[in-house]
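Required output: the full structure, derived from the provided sequences and hints.
Protein chains in written order, with the numbering used here: chain A, 1 to 348; chain B, 1 to 348; chain C, 1 to 348; chain D, 1 to 348.
The reader is advised that the hints may include incorrect statements.
Chain copies aren't distinguished; within one or between two, either way the pair holds.
Below 27 Å or equal to it, Euclidean Cα-Cα: the simulated DSSO-like pairs (lysine-lysine) are [what the hints assert, rightly or not]:
hint : residue 1 : residue 2
1    : 58        : 254
2    : 225       : 250
3    : 3         : 58
4    : 337       : 3
5    : 258       : 89
Hints listed in this document are in silico derivations from the structure and should not be mistaken for laboratory results.
Protein chains: 4
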Amino acid sequence: MSKIQVSIAGGSGYTGGELLRLLLFHPHVEICQVTSERLDGKPVHKAHPNLRKQTDLKFCSLSELKECDLLFLCLPHGKAMQQINEFKKKAERIIDLSADFRLNDTALYEKYYGKKHVIPELLNDFVYGIPELHREEMRSAKYISSAGCNATTTILGLYPLYKHKVIYADQTVVEVKVGSSEGGNAFNASSHHPERAGCVRSFMPAGHRHVAEMLQELNFGEPVKIHFSATSIDMIRGVLATSHVFLKNKMEDKDIWKIYRTEYGNEPFIRIVKERDGIYRYPEPKLLMASNYCDVGFEIDPHSNRLIVISAIDNLMKGAAGQALQAFNIMSGFDEKTGLEFPGLHPV
Amino acid sequence: MSKIQVSIAGGSGYTGGELLRLLLFHPHVEICQVTSERLDGKPVHKAHPNLRKQTDLKFCSLSELKECDLLFLCLPHGKAMQQINEFKKKAERIIDLSADFRLNDTALYEKYYGKKHVIPELLNDFVYGIPELHREEMRSAKYISSAGCNATTTILGLYPLYKHKVIYADQTVVEVKVGSSEGGNAFNASSHHPERAGCVRSFMPAGHRHVAEMLQELNFGEPVKIHFSATSIDMIRGVLATSHVFLKNKMEDKDIWKIYRTEYGNEPFIRIVKERDGIYRYPEPKLLMASNYCDVGFEIDPHSNRLIVISAIDNLMKGAAGQALQAFNIMSGFDEKTGLEFPGLHPV
Amino acid sequence: MSKIQVSIAGGSGYTGGELLRLLLFHPHVEICQVTSERLDGKPVHKAHPNLRKQTDLKFCSLSELKECDLLFLCLPHGKAMQQINEFKKKAERIIDLSADFRLNDTALYEKYYGKKHVIPELLNDFVYGIPELHREEMRSAKYISSAGCNATTTILGLYPLYKHKVIYADQTVVEVKVGSSEGGNAFNASSHHPERAGCVRSFMPAGHRHVAEMLQELNFGEPVKIHFSATSIDMIRGVLATSHVFLKNKMEDKDIWKIYRTEYGNEPFIRIVKERDGIYRYPEPKLLMASNYCDVGFEIDPHSNRLIVISAIDNLMKGAAGQALQAFNIMSGFDEKTGLEFPGLHPV
Amino acid sequence: MSKIQVSIAGGSGYTGGELLRLLLFHPHVEICQVTSERLDGKPVHKAHPNLRKQTDLKFCSLSELKECDLLFLCLPHGKAMQQINEFKKKAERIIDLSADFRLNDTALYEKYYGKKHVIPELLNDFVYGIPELHREEMRSAKYISSAGCNATTTILGLYPLYKHKVIYADQTVVEVKVGSSEGGNAFNASSHHPERAGCVRSFMPAGHRHVAEMLQELNFGEPVKIHFSATSIDMIRGVLATSHVFLKNKMEDKDIWKIYRTEYGNEPFIRIVKERDGIYRYPEPKLLMASNYCDVGFEIDPHSNRLIVISAIDNLMKGAAGQALQAFNIMSGFDEKTGLEFPGLHPV
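In structure tokens, the structure reads:
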């Protein structure tokens with residue numbers, strides 16, 4: 001089989017680095033170019049020291065980008081939409097890992113991003129990049145917009161419950177605990193180790209932009225509200241979402257299991273994790289490091305109609321590069337797990 | 001002024017150690033005895049290495065306990081109630097740091113502890129140990145039951161809002177992020193460093209016993225529900241509670257400020273932390289290490305009627321030994337801050 | 001190609017778990033049995049939660065062990081030598097990951113282990129398990145004893161210098177910084193998270209048993225002394241060895257480079273890491289997580305004849321399971337990198 | 001007693017913040033001014049959030065500095081020597097916490113700092129700021145230069161051995177493990193949390209400037225060499241020095257104990273920590289957080305003439321602000337422990 005020629009626009013950040021690592025080991029891919037203005041001409045391991053001795057690739061400038069079969073965009077938010085028409089000339093297929101094309105509703109974009117979209121007419125050309133929700137559309141898609149990490153974690157935890165309409169759609173409270181890599185590789189006063197280490201920081205108690213994605217994807221006809229907060233903890237990779245939802249009718253564990261099994265029973269990258277004993281009874285992000293899994297667990301509150309849903313991912317994998325590769329596999333007709341076999345570590 | 005003679009029953013654990021440290025530097029206290037069966041006869045620094053060169057005190061057995069002015073009980077939960085009548089013979093005043101006498105309602109105890117109380121007739125003799133709520137009762141109290149750490153954090157964050165009845169009393173969702181010292185010094189498979197470090201562990205998504213204390217203390221005539229979850233993170237000391245409450249009517253920041261100022265404006269150990277910029281805009285437990293402060297902050301969700309309340313403490317200080325000493329100062333007629341002046345560190 | 005039938009004796013510990021993970025993804029291996037007395041009959045993911053959904057394997061008892069092509073021993077130190085004759089009946093080839101057969105000198109064993117070896121006549125039947133030093137012997141070996149993690153890190157850093165006799169053989173000072181997984185999965189008071197987290201603990205300032213392996217492997221005719229200390233830090237995986245050696249004659253960077261290139265230029269799992277700028281100028285264990293690399297760097301002290309050698313590994317990979325698999329590949333005639341391609345992560 | 005009027009030049013950094021915290025609680029001190037150009041006019045808690053509600057002090061500009069009894073200089077290295085003559089006009093007594101006046105030998109300064117000293121004629125006017133070595137000179141000193149944190153840790157560990165001449169003066173190898181607060185509050189790519197957390201980074205394998213202080217202070221007539229390396233670990237506060245020294249003659253534990261007791265038996269801030277069992281058998285920085293102690297321990301290598309010395313401090317306390325305050329107490333005739341009573345925490 002001839003290999004697919006891919007390039008990465010914006011390859012010096014954390015997401016670009018992870019994508020590059022995955023693509024280097026993908027059996028059906030040839031990486032043509034990786035761009036970085038800051039490191040133009042330097043070997044890629046200057047930005048990604050884990051790739052020493054893995055490749056001879058060097059960064060080039062975006063202006064040197066050539067045509068290829070498929071282009072991954074790992075540019076900062078706001079950059080992809082500015083140049084999207086040029087990128088479309090370079091490659092027939094595009095997977096954008098930024099937030100620029102995740103929403104298909106202009107009004108929703110404006111409400112959560114506080115500004116007008118540069119090129120709203122393209123919003124509907126992109127398939128929202130969670131394969132578990134949009135696998136069929138992906139098979140024939142030309143453009144995919146990879147989902148936000150917090151959105152992915154939350155949506156995958158809640159989607160079956162919303163779809164089956166067993167919870168009140170507007171009472172959901174979610175808190176995500178996130179690591180420092182979510183903020184990217186740009187350093188600032190808040191990311192300085194003596195300030196950031198040991199923190200439990202309510203960096204976004206309200207108003208997180210990823211909520212817009214949740215509202216879009218969890219809409220099954222009932223008005224959806226997601227009361228969302230994000231807290232930074234002393235961790236580099238990983239997201240854990242604790243979602244508190246309220247059941248319309250009394251349900252038992254087996255009823256909830258059934259719903260999750262119905263939706264996720266055949267999913268290659270979702271595991272329902274709920275054990276009676278042991279240390280790891282519910283999902284934990286550290287076990288998912290470098291894997292593409294989203295683990296989902298739950299617990300019914302014995303004193304009320306609350307159901308607690310716990311979901312976890314590696315934000316740079318299922319929350320970014322891994323999920324983008326999963327989408328790539330689907331749209332390319334490969335086995336969905338190709339290049340994503342790493343199962344995670346223990347202890348870690 | 002002659003010093004108050006105090007003893008500590010059960011002084012080899014983390015709470016006992018912190019109490020011992022604080023009492024050693026209290027100007028009006030003389031420590032008579034500290035008990036430990038396991039370390040009977042050994043110097044106290046065998047359990048508390050930070051106290052090397054601070055004292056010549058040795059542990060003695062509980063059976064050797066003599067009369068004193070005031071007795072602190074730092075025994076494991078369930079032990080204090082078994083021997084409370086003997087302890088009452090040893091000291092006229094008792095401060096119990098266990099969970100045994102926190103609830104004054106037998107039914108509530110049975111619901112959350114799953115068993116009958118050994119000596120329910122004494123439940124009403126103990127004042128619940130949060131000074132900000134029960135200061136006046138403490139002045140003349142003989143028996144005080146120090147509050148749970150998660151309960152203290154949550155109650156101090158929510159008390160003004162419940163008292164002023166501006167939120168729906170039964171819609172509150174709370175998630176606490178806790179450190180490993182909450183579990184005490186008994187090691188187990190789950191506290192083994194390779195398993196516990198780096199974790200984000202939903203150790204108690206529902207059913208936490210401290211909820212009973214919240215229900216008791218936040219009751220202002222409306223039916224209270226607290227949807228509570230607890231998550232362990234990679235931290236030793238500290239609790240951060242993120243509470244999601246829902247406003248009955250639209251309110252602005254200044255309205256919320258006013259309520260908190262009304263209730264806490266003169267409180268020596270509560271600070272309202274809410275800043276427009278900087279790294280530490282909301283409360284963070286790491287800044288409170290070794291201090292007795294409870295920091296409280298809040299944010300109104302611009303997209304809904306949700307108010308997010310963020311409260312933080314050092315679980316071994318305001319959540320245990322510090323709060324017990326604060327109560328001791330009040331019942332002894334001392335300045336409430338005596339021995340509790342340490343302001344916390346930065347960076348840390 | 002028909003697959004090699006392997007079994008693991010003692011598969012519930014950290015080393016056994018990592019070996020199991022690697023073998024599950026090895027294209028030429030079929031895992032027959034994995035033993036654990038404690039978890040007999042349970043699925044392997046009970047001990048290794050990262051292996052959920054990866055395999056249906058269950059633990060069996062050691063007494064049920066059947067014949068196989070090759071047997072990996074991941075038993076606690078001291079157990080392999082007790083039963084080695086029985087294990088030899090089960091499999092023609094054995095790779096032992098314990099310390100039992102690492103030394104080929106009985107006197108050295110007794111000096112460092114403080115007791116007599118149970119079956120000294122077998123010591124010379126085992127090839128010491130660092131492929132970079134013993135590759136040729138491994139090709140025809142029946143028995144391999146995998147090297148200690150601290151020994152591997154130190155030996156790989158120093159081997160070229162000792163071999164080329166450019167340093168005083170008896171003046172070397174080494175300090176390793178190690179993570180908590182080195183201690184295995186048995187919990188104790190010292191591994192309790194509140195005590196172990198944040199520690200910088202001189203757990204073995206002198207007398208570490210791995211020194212015996214260094215003395216054996218660095219012996220090129222000059223009397224060798226390794227002044228070795230081990231310090232635990234707040235890390236789960238990883239070893240960093242800082243070795244201070246003293247040059248017989250003045251040398252420059254290029255001279256040292258040449259020596260390392262001569263010895264390691266073709267090694268698939270060794271990288272010389274020494275950069276002029278950037279964050280990662282010398283080896284760091286965190287970049288090696290889940291990889292089988294040993295990174296080695298160095299710096300010449302401008303004020304003296306000291307050369308500082310810095311070497312790093314993942315203790316569960318190149319320091320245990322990864323190195324054992326590398327040896328397995330060599331003795332089986334496979335490409336040495338098979339199943340060991342994972343390059344490590346960044347950021348992490 | 002009338003209070004001493006002090007000011008702090010350069011009070012917005014980590015060292016300035018700790019000094020400010022200590023001085024606020026010192027019974028014989030009144031803080032007049034704290035300068036910061038960046039935060040001129042802002043309350044001090046903007047830089048030091050732990051000081052919320054502790055003081056109404058605001059930062060002022062250095063140009064507004066008034067006369068006072070004693071001036072603390074917490075300016076960046078190189079700034080104090082540029083303006084020292086102006087500072088001398090402001091205050092009769094000065095304690096400089098920078099590196100500018102630590103060395104009394106111009107040649108040594110030039111060798112380690114790579115440039116000429118701006119005002120070498122003043123070098124001998126400053127007493128080197130380790131009280132355990134220079135207490136008598138401090139009593140009448142006008143100018144004190146506070147010692148470097150790594151230098152303090154190493155010197156206090158080794159001083160008795162050098163003074164008693166029981167070790168080879170030129171064979172000492174030292175490795176310090178340091179936290180991120182040593183680098184101050186200026187953020188950069190290397191201090192970015194995803195890069196700095198989890199690191200074991202040989203940031204200065206050779207050539208550390210603090211070595212010059214060691215050479216100066218450990219000189220007892222024999223040529224001194226200190227082979228020094230510094231490694232960053234995932235810690236905010238704390239230094240642990242592991243020093244490998246070589247005994248001229250065979251010695252036993254009691255001989256070493258005797259030397260340390262002779263030198264340090266009456267020292268209020270030094271503890272010899274060496275226990276047969278328990279978790280904390282040797283010094284550990286985490287137990288010293290916020291305390292002014294230097295803990296020193298040792299172990300004799302049974303296989304050689306090596307003695308391993310382990311010493312630990314909190315770099316911002318005994319390594320900076322605490323030691324400066326200790327010197328202040330001595331030169332002011334106060335009890336040396338005033339304001340420095342905090343014993344450290346456990347668990348932490």
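Hints, verified against the model:
no. : hint      : result
1   : 58 - 254  : between (53 Å within a copy, 25 Å between copies)
2   : 225 - 250 : both (21 Å within a copy, 17 Å between copies)
3   : 3 - 58    : within (20 Å within a copy, 39 Å between copies)
4   : 337 - 3   : both (17 Å within a copy, 23 Å between copies)
5   : 258 - 89  : neither (46 Å within a copy, 48 Å between copies)
When held up to the earlier numbered hints, the structure conflicts with hint 5 and nothing else.
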